[in-house]
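Colleague: Protein chains in written order, with this note's numbering: chain A, 1 to 66; chain B, 67 to 448.
No more than 20 Å apart at the CA atoms, straight line, and that leaves these computed lysine to aspartate or glutamate pairs for DMTMM-like:
1. A/K2 / A/E25
2. A/K63 / B/E225
3. B/K222 / A/E62
4. A/K63 / A/E37
5. A/K2 / A/E37
6. A/K52 / A/E62
To be clear, the hints were calculated from the coordinates, so they are not data collected in a lab. Note that this is a predicted model, so its numbers are computed, not measured.
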Amino acid sequence: MKLRVNPILCDGYGHCAELLPELVELDEWGYPIMPREPVSRSLEPAVRHAVKMCPRLALSLEKRAR
Amino acid sequence: MSARLLAPIDTPLPRRRRAELLAEIEASGLTGRGGAAFPTALKLAAVARTRNAVVVANGTEGEPASWKDKVLLAENAHLVVDGAMVAARIVGARRIIFAVGRENRTVRKRLERALAGRSDGFDCFLEAVPDRFVAGEESALVNHLNGGPAKPTMQKPYERGVLVQNVETLANLGLIARYGAEWFRERGTADEPGTVLITVLGAVRSPGVAEVELGTPMRDVLQRFGGLSALPNAVLVGGYFGTWMRAHDALDLPLSDAALKPFGASLGARSIVVLPQDACGLAESARVARYLAEESAGQCGPCVFGLPAMADALETLDVDRLRRLAPQISGRGACAHPNGATRFVASAVDVFADEIVRHHAGRCTGSARSPVLPLGSSREWR
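Excised from the complex, chain B in its bound form (with noise of 0.2 Å):
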């Protein structure tokens, strides 16, 4: 398949019409590349609506186990200003903020010469935003941006003329504005059009970041990564707000939401981690817990006592007290975390139901080894 999203642009941004742009998108059927799989033209006329627009290009991506935008940023950053003027001059903005995590200087000096050479007529701005895992939710990093600690608020910014879209998702506007919605519908399927950027990693002979066909097969899709590099134990789909699944479940289906939803799976960041055989799954996910519980913004109570909570149980396999924990803490939070954690262990507790049973008798399958799932570093808010 050849490259959209990461091959060179050599055409000019078409100039067309607010309008125009606006129903192309729609006739596209993209949707947020973010992990909220939201319609991206519903978004968009949305903020239309509104006074004073700003639009925001998220380019945050605080999921450890996901470097796809870093690598869109540093490949294509050109791509995403265009994309990013396309949803400006859609929404009526003149100002469009660029907010990237804060330790990856490459992805900086790209963006900041990409944007070096451009005169549109936009005022472009460069922030950093601290590499929090939920620093780049909507409120969150609207939030930062206006001065706060990167926590998440109540507000939905898109009601108040603020769009936030990820880097991918206008990376996409600005190919569909220059080739329109019918090319980008040639790829994927007809539910979920156009093409994705996928981390793989784990398992995989070349862990990284590859463009595919939404609708691709998951065994295509890993030979894409060089193929398994030992078997697979399970599939982690989705990053750490995602599900794991079994290995035979998962390499069977194809890349898609629809296939998925019947293991109350999603794409979510579209991260895969193949988990080799000899790693343990429930050491693997005990550590995520834990990092997930860590990264709470601190806010609301039911994710900063329950998380840990969860973390706790998760260590000692207390199958029944997480069953309890999970209903008081999912939905009960300002954003999804509390959510995205407590499906995470959930899908751990049954995924790894088996290795719960021979850990109770004092057995574990995993040898010693370095971990599998990465985990973040930074302890900054603000």
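Chain A extracted, bound-state conformation (with noise of 0.2 Å):
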């Protein structure tokens, strides 16, 4: 499973950099940067929770690789 952002709809609120520390990091304008590798197992449910908590619904789990 990836992380992806969409990037038109995202607006930098940054919710998901502060909910995921260990995975996404904000370039210097505050939008977020989306880690290459696919997300472990033990994160799953961290990373499901900031996807919903988007103010944006910018973020997806993806299963396949595009």
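Assemble the dimeric complex from its two separately framed chains, guided by the hints.
Modeller: Below is the structure:
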């Protein structure tokens, strides 16, 4: 599973970086940089929570690689 | 070399079965001529699997340093229409939309005339699109055709039954349907077969568009444009998403992606700009970087903020800042705009490294002159 952001929807609220400091970093304008690696099993519940909490619904946890 | 894409067509399009046409195109090895060089047969096959397919002939060519699609449409619109009908036959589409830039009246008239004389059982439409740099990106174009702004979306049109093909790709379909894959492969290299339309501008005697064989030595390509008109400083390969190369590196290569790859370059939409020795590559690049920032669709944060920051840093020649910015911009938008702009700027910093040193010492090799690289001017999105 990979964590992805829809960059058109994202407005840089930064909730994802707050909730997932071990996975998501913010760039200098406050937009999230997604991890390259797949999300580990142990972090999946936290990631699902972050996906739900995004105020722009810009995050998704996706199965297949694009 | 005798022309193919720009030669008048005097034989009717043969009636051939869908599967047979697709097999012929697959065997030809034709790749997309819009810049991404994706295998055409794969895209056709993907759309053929969907229902209610539509074909979009993409003649928007928003790249200011490229005129090859405009020349093709003005000189040989019928061949493009032929190819669009071949594509429509293969994917099972009834509707074909020809999308062209709003400003170019000649192109629109020629296409209108070409379409008026035909009744091949397809519903053909002509649509004028804002002349913006990213308007021809597949998803942006489809967004505009659907009534929205000409801005990219997260959709992949070919997954939803919309075949968007560059007009030069379609012209090749019109030829392959007539003469076959083997004939197509008589030109070009084994890995990159066929001929291509190429735009050359800058320090050549007759800038413009010509048809050349893939694999032709770059020096011979420039001879088709009257040869060099000044000592070359550098060469921009692949337009504004492309790569600056040192003249002595570029001029000895054959015109192919395989030859350009070691230099981190590719042919893209095959625009070549020869920068003359008395032009400043940094000033030219900074103008284009600013233009690309202004051409951002304004949707994705890293592009909205990153591209102006990159243009600022190039203007002030802050190389460290440019190095820090690149990974924060490239690959982080919905489309390839930020990636292309980042590649362009990175290659400028690399190729014009000596010029940066000179500038920091208060000097510049560019004498006063008008800019070499053209910019677009449309401010419309709808």
